[in-house]
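Residue numbers (the working numbering): 1 to 249.
It is possible that part of the hints are untrue.
No more than 25 Å apart at the CA atoms, straight line, and that leaves these computed lysine to any residue pairs for SDA-like [stated by the list, open to error]:
hint, residue 1, residue 2
1, Lys170, Thr214
2, Lys113, Arg101
3, Lys175, Gly234
None of these hints come from the bench; they were simulated from the model.
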Amino acid sequence: MEIRHLESLIAISEHGSFSAAARALGTVQSNVSAHISRLEKELGASLVDRQSGELTEDGVLVVERARRIIHELQDIEADIHSTDTEVAGETRLGCIGTTGRWLMPRLLTAIQKAHPQVRPIIHEGSTSSLLPRLIAGELDAAIVHFPIDDPELQLVPLFSEELVLLVNNKHPWAKLETISLAELATQPLLLAPRNTALRRIIDRAAGAQRLAFTPQAEIDGVRLLTSLAFEGFGPAIVPATAIPAWIKG
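Make a model of the complete structure from these sequences and hints.
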């Protein structure tokens with residue numbers, strides 16, 4: 001099994017066809033086809049559906065491990081070429097969107113200043129989408145919402161963030177300066193899905209007062225949640241940093 005064979009399989013999974021994979025790799029389609037055929041022969045399994053260009057079930061399993069292998073090789077190369085005083089290579093970071101908007105410019109500037117030979121690769125997503133990738137080794141670190149209960153992860157609290165109620169200016173609640181959790185429980189809300197970190201925080205606060213919020217809809221994505229509330233689809237509880245400055249006035 002050769003690394004270039006694994007790279008061809010990864011390219012097909014990312015670009016959707018043999019021809020697109022060949023262009024991405026800077027080679028010809030016949031080479032990609034030969035790499036996949038040899039890999040399939042070695043493994044004794046079909047990895048790519050030749051009609052659709054999609055990976056088979058076995059192909060999906062192989063490409064997940066292939067990515068880890070390639071990442072490990074890149075890390076080894078970075079380790080060998082780095083010195084005691086210089087860190088080099090790639091670092092794969094995940095970040096929730098609301099935090100990324102204000103934190104990433106500062107973080108990338110700090111990384112560039114401290115380690116100019118490090119190339120960050122940033123992946124934006126929700127906590128629920130980033131954690132599995134972190135556990136699988138596809139990400140080196142991620143900035144996500146607490147609470148998290150996973151023995152495979154090392155957790156370091158960075159900062160606390162306020163949650164706020166966002167409503168359209170035509171909503172009756174828009175005239176209020178404060179509102180109680182009991183009042184929030186009287187109307188359906190736009191909420192994050194159950195078992196997400198943000199939803200657990202909200203449900204825990206409600207449960208402490210023996211209340212339960214009724215979802216009008218469940219949206220896995222704070223920016224979409226914010227947008228829908230702003231457009232008047234319903235009230236939403238979101239992190240304060242999710243609200244753009246122009247809305248805050």
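Report task. Check each numbered hint from earlier against the structure, then list the numbers of those it violates in ascending order. Result -> none
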